[in-house]
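Participant: Chain residues, written in single-letter form:
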Amino acid sequence: MAMTADANVTFWYGCNMARHGEIVRLVTRILEAVGVTAAPAGGPGYCCGSPQEANARIAAGMAARTVEKFNQAGRDTVVTWCPSCHMNMDDLMAPVTEAAFETQHITQLLAARAERLRPLLMRQVPARVLVHAHHGFHGRVPVNTDVPMLLGMIPGLTVLDHPMRVPGHMCSAIAPKPGVLAQAHRDTLATMADVGAETLVTILHSCHRDAVALERGRAIRVVNWVHLLAEAMGLPYTDEYKLWRNADDPRAAMGAERIAATGDAAFDQLVEPELRRAPTV
Amino acid sequence: MRESEQGLIAHIRDHSARLAEACTACGACYRVCPMVARTPALAGGTPEAVMAGIRDILRDGTGTTDAIAFAGACVRSGECTAACPERLDAAFLMRLASLRVRGTLGDTPRVKTPHDPRWSARVKAFARLTMTEEERAEWL
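So the protein lines, in turn, are chains W and P. Going by my numbering, the first residue of the first sequence is number 1, and it counts up by one from there. Going by my numbering, the first residue of the second sequence is number 1, and it counts up by one from there.
Isolated chain P (complex conformation):
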């Protein structure tokens, strides 16, 4: 495993553990999240139970169906951070949970990640349309 990969995995694990320990699963973040009302899979979720499941995901657990759905619904609105009574960076906590349910650490993905397999080729194709040859040589 490369140093960069080891470093990223350790960083995600360390901060997952730290934030899971500090989070009280009060559910304040869940209550203000604009995606809850827009995510049918969360219709039956209760804030405290969902966040207990998020803490479990951050501690290498399996989480709950609702917690996985909440992590998968995160679009980084960031309203959670301002709402957290513990003054945690709840947006980062949710980012870490989101990465983990997507399989970033090598686990089986529990949430499908939107992925454009031709992203790089698409970016380069548009660059050929909007940038001069000289600009592409200098900027890309």
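With the rest of the complex left out, here is chain W:
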């Protein structure tokens, strides 16, 4: 089923993207600009089951609930962001619980609408960028070619090509393996120096939340590909997660009012330790 010129889709942003609300917001605005109305859906209530994959009972229950909610929403396309969600939908969810929708990754959708997007990228974004590319997921969805193609439409921006690839489908997959993520970051920084890039562009959220800390003490910039499209379109945003993660004092950077809104205990136990973590390098 081909998506119509003006479409109404669910944007399934996953769960850990809750750290990056501005990306969810920007994606909906970019999609709207190319004729796609997107209803965001994510968080634990729309889990693909992968956080509980070692338990078939829990994982299957989560997955079935999510497919059923998308079926009930009645939209014929679910646009994915997270590669774990995307692959789980293809491999383990839709084959078990019948899905009344098609799944398409956000990069595929925007690549298919590149000619509608191109004239909207009016603003110069002077940058020499290296795209943070993994081996994995590209075999399923060509993110390592579609994202550079989209970025290549931005005036003033130069995408620097390099064959270096990080193992895994995103950084959260390699983070638990001793030394692997740190080596990947060292390789990435060395590659940036080799090709003369001052900007590292992340494709995926789990890579972004770790890589932003590489800015500390280095004359580099780490942004997500969506941020760069937004800059070229003149859409304002703030990468608050990066601000907090790189602040000397995340508490001060966030402010007492927002900490209180989150809940003091939740901030202390769930948020602050992550923000204060040293860069993995």
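The hints are simulated quantities; they were obtained by calculation from the structure and are not laboratory data. Just to be clear, a hint being listed does not mean it is correct.
As the list claims (entries may be wrong) - Residues of chain P placed beyond 12 Å of chain W at every Cβ, according to the derived structure:
| id | residue |
| --- | --- |
| 1 | Thr46 |
| 2 | Thr65 |
| 3 | Glu79 |
Claimed, not checked - Stretch by stretch, here's where chain P covers chain W in the computed footprint (C-beta under 8 Å, at least three residues):
| id | segment |
| --- | --- |
| 4 | 18-30 |
| 5 | 84-98 |
| 6 | 123-136 |
| 7 | 218-232 |
None of the values given here were measured: they were computed from a predicted structure. From the three backbone atoms N, C-alpha and C, an ideal C-beta is built for every residue, glycine too.
Dock chain P against chain W, hints included.
Facilitator: Coordinates of chain P only, in the frame set by chain W:
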């Protein structure tokens, strides 16, 4: 057992059997895997023997120490699929082996799964920081 759980278990078992039957244990997937060189436990592994052990895991067997280590090392790089001379979805084969050694089907886990017991609470805490109340009501 719920229908969804039965369905997932049957799906994993069916595809495990299918892929174990089709795999020739030639080891081409192992040779291109970027995690082999990064996994000290695989230092003595030979591609054919490791993949024979992976086939055994997929057939409800105990596997070998090296095969369990290889399944546990899988981070879904996907290089294996392009390398497979049988044109199998080797990444899915390894995903199934990985799920099985983690105890997904109820067996005793042979590999520890990284698990954040506060994942859901953490996601919601960050959502309260980056999304408005109205957005959370609509998006979560």
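Participant: Far enough from chain W: is every CB of that chain over 12 Å from the CB of Thr65 (chain P)?
Facilitator: holds, 18 Å
Participant: Check, residue by residue, whether the segment 18-30 of chain W contains three or more positions whose beta-carbon lies closer than 8 Å to a beta-carbon of chain P, and give the verdict.
Facilitator: It holds, with 7 qualifying residues against the three required.
Participant: At 12 Å, judged by beta carbons, does Thr46 (chain P) keep clear of chain W as stated?
Facilitator: Thr46 (chain P) clear of chain W: closest Cβ-Cβ about 21 Å, beyond 12 Å.
Participant: Could you let me know if the closest chain W CB is still more than 12 Å away from the CB of Glu79 (chain P)?
Facilitator: Given that some Cβ of chain W is not farther than 12 Å from that of Glu79 (chain P), nearest at about 5 Å, it is violated.
Participant: Report holds or violated for chain P covering the segment 123-136 of chain W, Cβ cut-off 8 Å, minimum 3 residues.
Facilitator: holds (count 3)
Participant: Using a Cβ cutoff of 8 Å, are there at least 3 residues of the segment 84-98 of chain W near chain P, or does the coverage claim fail?
Facilitator: With 6 residues closer than 8 Å to chain P, the segment 84-98 of chain W meets the three-residue bar; holds.
Participant: Please count how many residues of the segment 218-232 of chain W have a CB within 8 Å of a CB from chain P and say whether that reaches 3.
Facilitator: Not satisfied, violated; 0 residues make the cut.
Figure legend: structure checked against the earlier numbered hints; hints not met, in rising order: 3 and 7.
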